[in-house]
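Undergrad: Using the supplied hints, reconstruct the complex from the two chains, each of which is provided in its own coordinate frame.
Chains as they are written, first to last, in our numbering: chain A, -11 to 103; chain B, 5 to 119.
One thing to keep in mind: the hints can contain errors.
EDC-like mimics (lysine to aspartate or glutamate), calculated; alpha carbons at most 20 Å apart, straight line [what the hints assert, rightly or not]:
1. B:K107 to A:D19
2. B:K74 to B:D60
3. B:K107 to A:D80
4. A:K98 to A:E33
Hints were generated in silico from the structure; no laboratory data involved.
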Amino acid sequence: DAKTTQPNSMESNEEEPVHLPCNHSTISGTDYIHWYRQLPSQGPEYVIHGLTSNVNNRMASLAIAEDRKSSTLILHRATLRDAAVYYCILRDFMNYGGSQGNLIFGKGTKLSVKP
Amino acid sequence: DAGITQSPRYKITETGRQVTLMCHQTWSHSYMFWYRQDLGHGLRLIYYSAAADITDKGEVPDGYVVSRSKTENFPLTLESATRSQTSVYFCASSDLQGAVDEKLFFGSGTQLSVL
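Only chain B is shown next, with the shape it has when bound in the complex (with noise of 0.2 Å):
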């Protein structure tokens, strides 16, 4: 079925070491997404993808890295893991950014535990 799909759902590493997620979608849209969702702070924007090639830092950009060779991929690397990337990890996307009926489809998240 065509989707989003994150990898892996589960992971657990430790403090230094990277760590990279995997986002990809099947409906060739534009723009990609990564959030964080920690108890207490909601949704929060790491970075975001207007196309391939094309990055941009959102509200807690530090600590992370991502890219976008491809426009169905849109991997977060976390160069050097510390326990306050602890989180799940939230890869969206969308083919209308800024449009009138632009809507996110999310994937279903990677619980990242840093020990």
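With the rest of the complex left out, here is chain A (with noise of 0.2 Å):
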């Protein structure tokens, strides 16, 4: 089963750095660990995915632990329009998806920015 552990809610300063963790103990050797977010009213939409080391885009950051068993989003200077549930997804090959799998959501964490 491909199962994340996120906190349910995070609060974060604006213009102040912000470290969402998420714990993934059962991960596979393959697995990628993908980062989704999901504004107020919109769907999810891609932040950034890595598979062992560090990764980087204009979004954000995510740092992956030695034993790839959790990793953090890290965003470097929130803006009120970071506030959004932030999801940290395995792919699931156990229960559908036939042998690619499926990115399967949970519930994520819902980050609050404050001004």
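TA: Structure, rendered in structure tokens:
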């Protein structure tokens, strides 16, 4: 089962860095870690993904623990527009999706950003 | 603009009626997905399609029917709507399902109320 554990909610101040944690202790050696976010009243949008090395893009950074059992999404300077639900996702090969599996969204972490 | 569009944006119907939610994408992505989102459950996969005329069940398929006669369209039909199907429905597409840099692209959602 592709399981991740995230805090239900977090708060941040505007223009400060935010570290969103995710535990995935049952991750397999070939599982990529995906992050999506969902702004209010919108569909989810892709943020970042990675396998072993830390990853950076224009939206965020992804820090992956050496044992790969946890990861952290880093928003370097939170803005009010970053207030959203953030999903940490692994591919589920067990229940459906055939040999390629499917990305299964959990409940995510609701990030609030204070001005 | 190219993208993925869902219609209608809002729909109110009565128990027992048939309802069809539309999803159209202009990227020619091979994979398309339907999710529902309810408070306390996150996003749950209803059905997905790997290509035209190929569909398969997700986590919560009961009460829903899908078809994919053309690559760009993936309608979701509730044959006899029930109150428990009141939800927000999201369609998504991907052209690299299972690949290293797969990204899901989501529509804006359809908010369905069954009275």
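Undergrad: All hints, please: hold or fail.
TA: Hints versus structure:
A distance of roughly 15 Å separates the Cα atoms of K107 (chain B) and D19 (chain A); the hinted pair therefore holds under the 20 Å criterion. At most 20 Å may separate the alpha-carbon atoms for a hinted pair to count; K74 (chain B) and D60 (chain B) meet this at roughly 16 Å. For the proposed pair K107 (chain B) and D80 (chain A), the alpha carbon gap of about 15 Å is at most 20 Å, so the pair holds. A distance of roughly 15 Å separates the Cα atoms of K98 (chain A) and E33 (chain A); the hinted pair therefore holds under the 20 Å criterion.
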